[in-house]
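Novice: Starting from the structure of chain A, add chain B where the hints point.
Residue numbers (my numbering), protein chains in the order written: chain A, 1 to 470; chain B, 1 to 470.
No lab work stands behind these hints, which were simulated from the structure alone. Some hints could be false.
Chain copies aren't distinguished; within one or between two, either way the pair holds.
[What the hints assert, rightly or not] Calculated pairs, DMTMM-like style, for lysine to aspartate or glutamate (alpha carbon to alpha carbon, straight line, at most 25 Å):
#  : residue 1 : residue 2
1  : Lys-47    : Asp-272
2  : Lys-47    : Glu-123
3  : Lys-289   : Asp-434
4  : Lys-324   : Glu-13
5  : Lys-469   : Asp-69
6  : Lys-303   : Asp-268
7  : Lys-136   : Glu-99
8  : Lys-47    : Glu-227
9  : Lys-469   : Asp-16
10 : Lys-324   : Asp-124
11 : Lys-303   : Glu-182
12 : Lys-47    : Glu-226
13 : Lys-47    : Glu-257
Here's the letter readout for the chains.
There are 2 protein chains.
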Amino acid sequence: MVETQPPLARALEWRDRDWRDDDGELLPEVVDIVCGMLGEADAESLKTLVSDAHEADVGALLAQLDPDDRNRLVELLGADFDFTALTEVDETIRVEILEEMEPEQVAEGIAELETDDAVAILEDLDEEERSEILDKLPASDRFALRRAFDYPEGSAGRRMKDEFIAVPPFWTVGQVIDHLRESADLPDDFTEIFVVDPGYHLQGHVRLDRLLRTQRPVAVTDILEEETRTVTASEDQEDVAFMFERYNLLSAPVVDEGNRLVGVLTVDDIVDVIEEEADADIKQLGGVKADEEISDSVWTTAKGRFRWLFINLITAFLATTVLKSFEVQLAEMVALAVLAPIVASQGGNAATQTMTVAVRALATRELGPRNAWRIVRREVSVGFINGIAFAIITGTVASFWFTNANIGVVIGLALVCNLVAGSLGGVLIPLLLDRLRVDPAISSGPFVTTVTDVTGFLSFLTIATWWFKL
Amino acid sequence: MVETQPPLARALEWRDRDWRDDDGELLPEVVDIVCGMLGEADAESLKTLVSDAHEADVGALLAQLDPDDRNRLVELLGADFDFTALTEVDETIRVEILEEMEPEQVAEGIAELETDDAVAILEDLDEEERSEILDKLPASDRFALRRAFDYPEGSAGRRMKDEFIAVPPFWTVGQVIDHLRESADLPDDFTEIFVVDPGYHLQGHVRLDRLLRTQRPVAVTDILEEETRTVTASEDQEDVAFMFERYNLLSAPVVDEGNRLVGVLTVDDIVDVIEEEADADIKQLGGVKADEEISDSVWTTAKGRFRWLFINLITAFLATTVLKSFEVQLAEMVALAVLAPIVASQGGNAATQTMTVAVRALATRELGPRNAWRIVRREVSVGFINGIAFAIITGTVASFWFTNANIGVVIGLALVCNLVAGSLGGVLIPLLLDRLRVDPAISSGPFVTTVTDVTGFLSFLTIATWWFKL
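Extracted from the complex, chain A is given alone in its bound form (with noise of 0.2 Å):
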């Protein structure tokens, strides 16, 4: 049956319809259709099914096209193509469709939307292809665009819109309400008002609420709310996010070093700020750069990867070099060659804990220099206790399994050792970095896992070579 409804007939019932399933995955039957619709180059349909689709919608169908397929989507929908639906695919992706583009037809593209989401979309081209591009728009738009560039990547200058409505502190409740029913010209949301001098200096805001609330007579200054959370331009947009999330706020101005207000950063962007930086953190813990995407070429990625698993490498030959240094005791007695990964393993893995929980404090400020003791006091009797109680479990397990009770005593104690050593290494190591102004959630994990697969292999030899007279 649908195989045979018309193309046009399929988009209209499409597009009025979720493109997702229960878990927000996109429906595989919407990107056959698409797809269907690239190889008859059917225009039409496309318009019809995609246009006025959300373009969080748009991107998604985007990331899961081809390359080849996605350029031709572009291409046949033409002035339809709804340009912030590149702000919601990887970067990856964007990249390649913008290159695939004419310059002047980007530049029309990124003339209608705001500043936040073409700054977005320019952000990771080169120089010189975003130069042509700016060349390209509008005087006021090159203007606001060129000067949110000027701010550095990451700033709160590039994540604000710069569209806001701004009204002297001589007006009244009516009349601005009476400017806002007759501007043609407004920002497509808004939930406040800002009041500021001829200057552009800010003196407060007045949200919408209070705005219907109030007589028309009544002068804006008397209802306005001073400003006590203000972003500055080129502070860092995680700091700036951590202010949104620790006051709750909706939105907030944004500030030149002058004081005077140049745009407002509104609570979806810092959403994506918190998203992208706890991707981050989670990338690299787990030993992936940052901005490691899933659309990365096999050779990027492997490149990428290459790094992390070099210093590793180092460090795992660090730990064999103790190793190597009791060859004659790990020939004498092969029940340790057999045994000492474990001991390396089980207070890697407690480090691993310790860090985690360390690396997230830090970030989310509940670690501090005033609490740092108490933390590392807690860590190393947790690594204390769970030590005692692995080295019973492990002791008892290897004494039976080498029906050597010695050998049961000797792992006893190194384990016991290491994950003292691993909980220590796992909250100082985050903390020290953090003191030098590195952020720990890249570089703690190679320094941990060298002390503990030293302390381990270490420890176990030691205390075996002691014990069993070797």
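Specialist: Showing chain B alone in chain A's frame:
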């Protein structure tokens, strides 16, 4: 100078200052000053300093105090203690503070809050204590909270506010504005009003900016926007957060099974959910329970981590079994015992990289059935490329170190095998767990480690046995 300042003057000074440094960390001076006032039981100064502080700052203060001081602070503040500060601290601290208070006192504090904050505070108490507090609340609050607790933990119904503005469809813009001006009992902060029929079935919403810009005689139904994204109260908060993020929502109406409006979810609550979910993923990938907090006791922490270490011990023993089955070869050639951990560890790290990316892509819905095979192929290729790279590096170093080129060849071959196996396991295991509806963030680790440890030892020692005819 500062030391001689009377406490009340100091309280007045710090009341108007920012309590945080540039990094957003609470200034130690604030804690010192508060501790001083607690020591003197100087309630007046404390109230001056703390009563008007933002809940997030009071929360940060509570977190930094010792348990006894926390309770003394709450006691001295009395009715001036803002219960919303309890939503800003860890569960452990919250429960500790609440358990020290009388149910009447908690009920009084709770009664002033919005439902979402009240639910957040009472949620962690046990059934009985919660009931006791609810019984002491005014009937309307009690009813609202009981209803919220009827929804499952982690559902939208628990997170929503039940304070919202709903108007009938036959009203005009003028009537709505008059209603807003005249009603005393409106929510603190709102950005839209909802239009409902007499059965409270949701017809749509009107944004405040739209309302402001429309003439009084216009009917609300003429400017109403139909809801495209409603949330069902029983929906899981993670799915809701994902929807907010995807469609950049600021708020969404919550309906019951009968499509009746029961509440509203705002993005500031969702920011907390996103943060919590990211936190849970990071902790679980690091082998820590999702709800482990930095304020947990040593004993709770040790117990929570024991389970993960125990599972790891089993996988470590599995890998050891492989080593033990090669005891003869290890005894004959001790270099194998020295180098084996390198093979296991490089494979383990490559697998962790792949696993991190796969788990993350599953969480963000970027990895699904449609692109799974492409990603698996990509990961295996990456593993193969880095396998070759590290085979050359490690092989060369090992050859010179042990002055035996054959050992270099053997470890090189084993590394290629193990990096490919690790990459394959790192992506297939999370995919499989996800298909089985098990959270891959919690469970992938031990399986992946087992794969790389076993494959690492097995491939290295098998190749060595065959190459050296051991």
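Novice: Determine for every hint whether it applies to the structure shown.
Specialist: Results of checking the hints against the structure:
For a Cα distance limit of 25 Å, the shortest separation of Lys-47 from Asp-272 qualifies neither inside one copy, at 28 Å, nor across copies, at 38 Å. In this homomeric assembly, Lys-47 and Glu-123 never come within 25 Å of each other (Cα to Cα): the closest approach is 28 Å inside a single copy and 49 Å across copies. Taking the shortest Cα distances, Lys-289 and Asp-434 sit within 25 Å of each other both inside one copy (19 Å) and across copies (24 Å). Taking the shortest alpha-carbon separations for Lys-324 and Glu-13, neither the intra-copy value of 70 Å nor the inter-copy value of 64 Å comes in at or below 25 Å.
Taking identical chains as interchangeable, the C-alpha atoms of Lys-469 and Asp-69 are never at most 25 Å apart, the minima being 71 Å within one chain and 54 Å between chains. Within a single copy, Lys-303 and Asp-268 get their C-alpha atoms no closer than 34 Å, and across copies no closer than 39 Å, so neither meets the 25 Å cut-off. Taking CA atoms no more than 25 Å apart as the test, Lys-136 paired with Glu-99 passes inside one copy only; the shortest distance there is 16 Å, against 65 Å between copies. Within a single copy, Lys-47 and Glu-227 get their C-alpha atoms only as close as 45 Å, which misses the 25 Å cut-off; across copies the closest is 24 Å, which meets it.
Taking the shortest Cα distances, Lys-469 and Asp-16 never come within 25 Å of each other, neither inside one copy (80 Å) nor across copies (69 Å). In the homo-oligomer, the alpha carbons of Lys-324 and Asp-124 never lie at most 25 Å apart, since the shortest distance is 48 Å inside one protomer and 53 Å across protomers. With identical chains, the CA atoms of Lys-303 and Glu-182 are never at most 25 Å apart, being 57 Å at best within one copy and 65 Å at best between copies. For the identical chains of this complex, Lys-47 and Glu-226 are inter-copy neighbours only, at 23 Å across copies versus 47 Å inside a copy, given an alpha-carbon limit of 25 Å.
In the homo-oligomer, the alpha carbons of Lys-47 and Glu-257 never lie at most 25 Å apart, since the shortest distance is 45 Å inside one protomer and 35 Å across protomers.
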